[in-house]
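Participant: With the hints as your guide, set chain B onto chain A.
Spelled out from the first residue to the last, the chains are:
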Amino acid sequence: MSWVNDVIQGILLGGYYGIIACGLALMFGVMRIINLAHGDIAVLGAFLMYLLLQHWHTSPFIALLPVLPVMLLFGYLLQRLILQRSLRAGVLTPLLATFGISIVIQNALEQGFGPDVQSLGGETGSLVTASWNINSQISIAALSALIFVAALVIYAALQFFLSRTRMGRQMRAAAEDPDTAELVGIDSRAVYARATAIAVGIATLGGLALALRTTFSSYAGPNQLIFAFEAVVIGGMGASIWGALLGGIVLGIAQTIGAQINPEWSVLSGHIVFLLVLISPRGGLLTLRAGRVRRRAGSTRLRATA
Amino acid sequence: MSLLRIESLTARHGLLEAVKDISFELGQGEVIALVGANGAGKSTLLRAIAGAHRPASGRIKLDDVDITGSSAHDRVRMGIALVPEGRRLFTNLTVEENLQVAESRSRGGRWNVESALDALPLLKPLRKRRAGMLSGGEQQATAICRALVTNPRVLLIDELSLGLAPVAVDLVYETLRVVIEDGMTLLLVDQDFTRAASLADRVVCMLEGRSVLEGMSSELGREQITEAFFGLAGRGAGQP
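Same order as they appear, the protein sequences are chains A and B.
Using our numbering, read the first sequence as starting at 1 and increasing by one per residue.
Using our numbering, read the second sequence as starting at 307 and increasing by one per residue.
No lab work stands behind these hints: they were computed from the structure.
Ideal placement from N, C-alpha and C gives every residue a C-beta, glycine not left out.
Heads up, some of the hints might be wrong.
Stated by the list, open to error - Not everything, but these chain A residues come out facing chain B in the computed CB check (under 10 Å): (1) D116; (2) V117; (3) Q170; (4) A175; (5) E182; (6) V184; (7) A190.
Said to hold, decoys possible - Within a straight-line C-alpha distance of at most 20 Å, the following computed SDA-like cross-link-like pairs (lysine to any residue) qualify: (8) K434(B) / G112(A); (9) K434(B) / L77(A); (10) K434(B) / R164(A).
So that you can see chain A by itself, here it is in the shape it has in the complex (with noise of 0.2 Å):
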């Protein structure tokens, strides 16, 4: 029975990856760069609502009102300021370009803030320690629930987003292919800002999680990206949007039931899946039908369905 709990923890810490690995996929699937700063940026987005929790005692969840739209902002001038110029300079640009991001937001950070670990846990009252007791072996965490059903509302809020809307549709049609957009009038740079500040947003809704269920610290970006980005290959490299979430469900129960045969493997066993799909040839859970598409249709690069 144990390994049925094991099996449910890790659907909901796949949730939170879900959450951290959103963004990712995004960036990853529209623009083709992966984006080093994520992780950071997450973290930066736990640290603002730190930061407004030190001088308004209120709930973290209304600390994220205004955090929301200034990520929001920084992620559209993230992307029209630096890497819209980075992506002029060839692939490997943006990917430095991300990397002093990261860098610059974690120093900033620790001069900021300091060294010193924080959480968020405890502005939220009984959420963090409520859980409903299924059995005696089966547990479920009132927060690990919440932050899954945050994850799925995510996915299924970006899914209608790409596939019903307008603005969703100029985002794939830009994704396949930015030059041709441009021909039917679509400016392809401002398409681009937006799909930065998508995925900053989400990236800061993942920040908010971490900051529930963990402590965080200047330095705890690059752990969150690993996570992030081992989802997103897990799940299909932006082949699909819900690939993301599926990956970092298989990397948590990954993780889970590493630690259950040995607590020190629970990050490991997390590792050991993520180097076993990259190495196999199918290459991630949702690349297969991806793939039949492209063979059929030529290149694939978002899809909004999975």
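Facilitator: For chain B alone, kept in the frame of chain A given last:
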């Protein structure tokens, strides 16, 4: 007054001058067939007019307004739409979504997704199909529709029949006839110059980046166009 005016336009690919000092005008409702062999510079000229290729020198004027420096997406708003070589549809989007994407940037006017599908009934049953799953002729018809729903004032079509089966070529020419009857101003590039010329009011023939023949299609003979097309004009028999 001409709708579109090209003045001494030169465009390069690196050191290669693909278009050399081309000038011509396109009047409202006029159809020009731009013909020439491979490498003559036709596609580069169309891409320069559409804003997808920055010219080295010269001017492009729409309604006497210089648009040479404007971006491709701004030119769509001004009323220039290009159907690019190879169709370049968004293959992961459905036919309807391809049209909706273009319609979202429309200038407003007679053409929208529904009117375009009404004009091309063959696409109606395919509207929910992924564009990558269409035949070549259906893709070309979709590409023309996609350009139409931006409500262009000037429609540029590059290599209309390239890579299409004869039955598909018939289909896209039929499509084009509908568009021309609607009064569209058109600059058409096609390897099948006889067929392109049959639709056009005027023919401009390019050779190695230059305009070597220009005239009313009703006045130019097939032989005259062929000679200009292959660069045989002025050469006597037996000359290399």
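Participant: Which numbered hints turn out to be false for this structure?
Facilitator: Checked against the structure, the hints that fail are numbers 1, 2, 8, 9, while the rest are satisfied.
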